[in-house]
Amino acid sequence: MMDADEIRLMSDVLAADPASLVFLQLGEALRRQGQLDLAWRVALRGVERHAQRPDAHDLLARVAADRGDFDRARAAWESALALAPGHPAAQKGLGFLLFQQGLLQDAERLLVAAQAADPGDASVANALARIRALGGATAGGRAAGPPPVGPTPPRGSVAIPASVSRPSRTTQALAAPVPFAPTPTDARDVFLDVLPDASHAALLLDADGLVVAGRYRGPDGRDLAADVGAQLSGVSDEASRAMRHLDVGAWTHLAVEAEAASVAMAPSGEGIVLVAAPRRVPLGFVRRVLDRAVERARRWLESGT
Amino acid sequence: MSSPYGGMLAGLIRHRGVKGCLVVGERDGLIVDSTVQFGVNAQTFAALTASLFRKARRAAQAAGFGDATFVQLEAERGRVCAVGRGDLVLVVVAEPRVNLGLVRVDMLKAAERLS
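Taken in sequence, the protein lines are chains F and S.
The working numbering numbers the first residue of the first sequence as 1 and each following residue consecutively.
The working numbering numbers the first residue of the second sequence as 1001 and each following residue consecutively.
These aren't lab readings, by the way, just hints derived from the structure by calculation.
Don't be surprised by glycine CBs; every beta carbon is placed ideally from N, CA and C.
Fair warning: there could be bad hints in the mix.
Stated by the list, open to error - Away from chain S, derived, C-beta distances all over 12 Å, residues of chain F:
1. Ser20
2. Leu21
3. Ala51
4. Asp55
5. Gly86
6. Ala113
7. Asn126
8. Leu128
9. Ser236
10. Glu259
11. Arg292
12. Trp300
Unchecked claim - Partial list, computed: chain S residues near chain F (C-beta under 10 Å):
13. Gly1007
14. Gly1011
15. Thr1049
16. Ala1056
17. Gln1061
18. Thr1069
Next up, chain F with everything else stripped away, as it sits in the complex (with noise of 0.2 Å):
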């Protein structure tokens, strides 16, 4: 393990220059010493830096869950994987977290894969034979039920199996009871296969601003998509109504560059889709990703899936 003083050697290279890599050995270094609030501050930025990283996804994976918010490890893992599908280190952090919450086939999947790129890994082994042990998934991808060792967990939740081997922090902390993982037709995961990267949040709202589908993240990985739908569906509302006196037509984008943020907003049934993205992104990618989003929204509705 760093020391101290590699600690503030990184810390002082990252200030120097903020777009280092050594970001990922600093944020590793800061979650192994439980230091989790500097460590997720650090692979936050790193992700807002470096956005098309796997590696900066997967360590923003690793705090997100020795954190607890294993919606956002799950979601950040699930980045570096369309990223780079073969990154071993998210294949087996997601492997692991798919095991824990009962999703089986899935897991299996993903630690085959593991075990592929490091045959030598205990801990994927241990995660594969007990897996196989429970006969492997249901036709659903999810377990029947909490896999059948230990005290029985609180309902709604499940946990890891006791003989399963946890070589890191971000295992350990898959071993508390967590409430289920959404299922891949949840709401909330509706926009996750038209959004770049983790970076990027999309909700779709309906005409009185409550969230029908999406999610967003704030910069302390808690899920605001209600606080900012409702704020900024008022902005849409405020457009319809200018757009009745103008005699321009129905209004059909509308875009919002803040300080720290850009949103894009449509119409999209009854409700309206948004896409926030950090200020860096140009406002014309954001524009692209609300075009893909509606179209997804679109479908996700008629579907009802």
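Position chain S relative to chain F; hints supplied.
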């Protein structure tokens, strides 16, 4: 009497597709200065766009995004853009074919002269 914004507005109205430019009070929606083509209802655009910008600014702050710097609204038959500084809003009314990128850059530069 000429206003200090005449040169700024004259520069913006020269963009192809721009039908009007206005400097508007954000709080009251009243026109401070404007250059508009015939047929543009300046008073209505001023009042409604100031209200929209005010709403967007408050919403962005409430959502944690910081102060709104540029707002763009597209409709079937036109576009409205707004930038703010202090209690003034610079508004551009344009046709759909306008080069939005160019207008945006010039508006952000012009906004620095609003006060």
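Hint by hint, here is what the structure shows:
{"no.": "1", "hint": "Ser20", "result": "holds (26 Å)"}
{"no.": "2", "hint": "Leu21", "result": "holds (28 Å)"}
{"no.": "3", "hint": "Ala51", "result": "holds (18 Å)"}
{"no.": "4", "hint": "Asp55", "result": "holds (27 Å)"}
{"no.": "5", "hint": "Gly86", "result": "holds (36 Å)"}
{"no.": "6", "hint": "Ala113", "result": "holds (38 Å)"}
{"no.": "7", "hint": "Asn126", "result": "holds (43 Å)"}
{"no.": "8", "hint": "Leu128", "result": "holds (42 Å)"}
{"no.": "9", "hint": "Ser236", "result": "violated (10 Å)"}
{"no.": "10", "hint": "Glu259", "result": "violated (3 Å)"}
{"no.": "11", "hint": "Arg292", "result": "holds (17 Å)"}
{"no.": "12", "hint": "Trp300", "result": "holds (24 Å)"}
{"no.": "13", "hint": "Gly1007", "result": "violated (25 Å)"}
{"no.": "14", "hint": "Gly1011", "result": "violated (21 Å)"}
{"no.": "15", "hint": "Thr1049", "result": "holds (7 Å)"}
{"no.": "16", "hint": "Ala1056", "result": "holds (5 Å)"}
{"no.": "17", "hint": "Gln1061", "result": "holds (8 Å)"}
{"no.": "18", "hint": "Thr1069", "result": "holds (5 Å)"}
The structure shown violates the earlier hints numbered 9, 10, 13 and 14.
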